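Peer 1: All chains should be modelled from the sequences, with the hints used to inform the complete structure.
One letter stands for each residue in the lines below.
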Amino acid sequence: MSELVELYAEYGDCLDEGDLERWVDLFTEDASYRLTSRENHDLGLPLALVRCEGRAGLRDRAMAIGRTAVFRPRRMRHLIGAPRVVAGADDDTIASRATFAVFETIEGEETRVFLTGRSFDRVVREGGRLRFRERVCVFDASLVPGSIVYPL
Amino acid sequence: MADRTDPLLAWPSRDESRVPLALYGDPAIYAREQERIFGGPFWSYVGLAAEVPEPGSWTVSAIGERPVISTRDADGALHVLENRCAHRGLALCHRAVGRATEIVCPYHQWTYDLAGRLIGVPFLRGVRGRGGMPPDFRREDHGLRRLAVHERHGAVFASFDHDVPDFESYLGPEMLPYFDRVFDGRPLRVLGTMRQSVRGNWKLMFENIKDPYHASLLHVFLVTFGLFRADQPSAVVLDQTGRHACLVSRRGEQRANEATSGMRSFQGDLRLADAALLDPVREFPGDATVVMQTVWPNLIVQQQSNTLATRRLVTRGPHAFELHWTFFGYADDDEAMTLRRLRQANLMGPAGLVSIDDSEMMELSQRGAAAYPGRSAVLELGGRDAASADHMVTEAAVRGFYRYYRAVMEL
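Residue numbers (this note's numbering), protein chains in the order written: chain A, 1 to 152; chain B, 1 to 411.
Hints are computed from structural coordinates only; laboratory data are not their basis.
Be aware that a few hints might be false.
Stated by the list, open to error - Distance windows between CB atoms, simulated: (1) B/ARG316 x A/ARG72: 16 to 24 Å; (2) B/LEU270 x A/ALA9: 30 to 38 Å; (3) A/PHE103 x B/GLY368: 21 to 29 Å; (4) B/PRO55 x A/ASP90: 41 to 49 Å; (5) B/ASP269 x A/THR93: 31 to 39 Å; (6) B/GLY76 x A/GLY18: 50 to 58 Å; (7) A/ARG112 x B/PRO280: 30 to 38 Å; (8) A/GLU109 x B/GLU140: 48 to 56 Å; (9) B/HIS153 x A/ASP92: 45 to 53 Å; (10) B/ALA91 x A/PHE103: 24 to 32 Å; (11) A/ARG75 x B/ALA276: 29 to 37 Å; (12) A/THR116 x B/PRO280: 31 to 39 Å; (13) A/GLY18 x B/ASP161: 45 to 53 Å; (14) B/HIS153 x A/VAL85: 45 to 53 Å.
This structure is a prediction, so every number in the text was calculated from the model and none was measured.
C-beta: ideal position from N, C-alpha, C; glycine also.
Peer 2: The structure is reproduced here in C-alpha cells:
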C-alpha cells in the first residue's frame, strides 16, 4: 500500500515540476491514458481531451508540449487524495481510484482552482516498480478554464 | 457607410485595413452585438440533431449570451425555445442533455410541453375559490418563445428573428458546397463534447479561424508535421457578403524547403513516436485535407484530416467567451475510423496540441487590445480588399468579416 501511495505522490510531483519525461516513465510500455469530462464519461461517449496509447503516445504528448506548444509559463499544483483500492482486479493488477484537485498559477496572475475530479486507474508491477497500465482522469467541470497544457 | 457622427465609434479607416480595438472591450458595442447580430435575422448554430436523437430529448445551448433549449417533441419535430420561464424568467434547463415528456419550472411548477406550449399552471382557478389567475388569463399567451429553426443534414440552426432568409441562400453558393462536404446527409454519430472558457472577446475566435497567417507561424505542431503550411496548395474562400469564409489546405510533408526556412517554427528534427496520432485517410472528394469554415455569427466547422467538430461560440460579456466543441463522425464509420477520429482529437479542444496555442494568443490579445480602446489593429496582409485568394498569405477573410460586421452594426 505504501508503494501505491508513493506512486501517486511521485505522479503529482512530476507534473508539479513540469517534468514530463519522468511522468512518461510512471506508465507501462502498453499503458493507456485518457483525460475526459464527467459529461462524456457519464454519457458513455468515447471522446477524450487527451488520449495517449502506450508510452509512445505519452512521449509524443510530452514532446509536443515541451517543443511545439506556445503558452504562457504556468505552475500546476496537484493535490491527490489517498488512493483507494477497489475490487475487481486480478492478482497482478491493482485497481485504484483517487480524487484530485489541480490549481493553476499563470505567471503574473493569481492562483485559481483549475480542475477537480477522480481517476480510475490500473496499476501493475513492471521493471521492478509499480506503474500505471491505465489511467482515466475524469474532471468534474462543465467548462475548462482556458487551456489544459499539462496532463492531469 | 461609416457615420462619423455616430457616438458609438468612428471607424479609423475607410476600408477594413484597420480595426478599432474598442471593439474588444466596449460594453456599448457588446450590447449592440447582442441585439443586432445574435438577435438579428441570422442563422445561429445551436447543435447537432444527433444530440436530440429521440422524442423527449433536449439539450441546452446559447445564442450570443441568451440560453436556449433544443427539443424533439413527441412527433419528432425539432424546436428551439428560449430557456426562460414565461412566468418569472427562470432558466428552466441546466444539464447539458436530458430526456423528458414535459418541462417543469421548479419555482412555481409552470409546465410546458416540448414544443414550448404552456400546459399547466398551478392554482390557475385559485384554491377553494380564492385567488388564482384573472378570468382572461390564457395559457396559449404564455408559452416559451419559439425561435425559427432550420436543420440541414444534421446541423441545427435557429434565429430569434423569424424574418430570416432561407438557410441555403444565407450560406450562399460559395459556402454551401463546403458545408455539405462534411454535412453530406449521412447520419452523424456524436463522439463527445469539450467546453472551455476563454478570457477574450468572441470575435477573436472568429478572426483566428479566418486568419491563415498565424497558422504557418504560431502552430509549430501543424507546421512541423505538414498539416497546414503557407507553402502548401491552399485557398481562402469568402461568400459574397464576407461574413462566412473557408480556409482550405492540403497536407504536405515534413521536409525542409525554401518556405520552411522562413518559418522559425519548423522543427525538422521532431518525430512522432506513435505514428497512429497522425494517420489520416482521405474520406472527402477533392484534394483538400483541411477545411475550416466559419459561419456567421457563431459556428466553426472543423475538418482537419479525420477529426470533425463543430465549435459553437457563446459570448460572456465583452471580455470572455465559451467555446463548445462537439466532435462527431458518421453512423456508418467502422471502428478503425472512429478510433482515428478519437486519436486525432488530440490536436483540438482545450488540451489540443494545436488549439492550446490559439486560446493562449486570444487571452493575450484581449489583455492588450481591450486596454487600448483608442488604438487600432492592422490588417493589410494580402492587400486591403476582401476577396477570395488561391493562397493563404492573406487576411482577406478577417477583413471580409469586418466589412459585414460594420454594415450590421452601422459603424
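Peer 1: Does the Cβ distance between A/PHE103 and B/GLY368 fall inside 21 to 29 Å?
Peer 2: Between A/PHE103 and B/GLY368, where Cβ atoms are some 26 Å apart, the hint holds.
Peer 1: Measuring from beta carbon to beta carbon, are B/ASP269 and A/THR93 in 31 to 39 Å?
Peer 2: holds (38 Å)
Peer 1: Starting from the range 30 to 38 Å, see whether the pair A/ARG112 and B/PRO280 falls in it by beta-carbon distance.
Peer 2: holds (37 Å)
Peer 1: I want to verify a distance hint. Is the separation of the beta carbons of B/PRO55 and A/ASP90 within 41 to 49 Å?
Peer 2: holds (44 Å)
Peer 1: Could you tell me whether the CB distance from B/GLY76 to A/GLY18 stays inside 50 to 58 Å?
Peer 2: holds (52 Å)
Peer 1: Could you tell me whether the CB distance from B/ALA91 to A/PHE103 stays inside 24 to 32 Å?
Peer 2: For B/ALA91 and A/PHE103 the Cβ distance comes to about 30 Å; the hint holds.
Peer 1: Using the Cβ atoms, figure out if B/HIS153 sits within 45 to 53 Å of A/ASP92.
Peer 2: holds (49 Å)
Peer 1: Could you check the hint for me, namely that B/LEU270 and A/ALA9 are 30 to 38 Å apart, CB to CB?
Peer 2: holds (32 Å)
Peer 1: I want to verify a distance hint. Is the separation of the beta carbons of A/GLY18 and B/ASP161 within 45 to 53 Å?
Peer 2: holds (50 Å)
Peer 1: Is the distance from the Cβ of A/GLU109 to the Cβ of B/GLU140 consistent with 48 to 56 Å?
Peer 2: Given about 52 Å between the Cβ atoms, the range holds.
Peer 1: How does the Cβ-Cβ distance of A/THR116 and B/PRO280 compare with 31 to 39 Å: does it lie in that range?
Peer 2: holds (35 Å)
Peer 1: That 16 to 24 Å hint for B/ARG316 and A/ARG72 (C-beta), does it hold up?
Peer 2: holds (21 Å)
Checked against the numbered hints given earlier, this structure breaks none of them.
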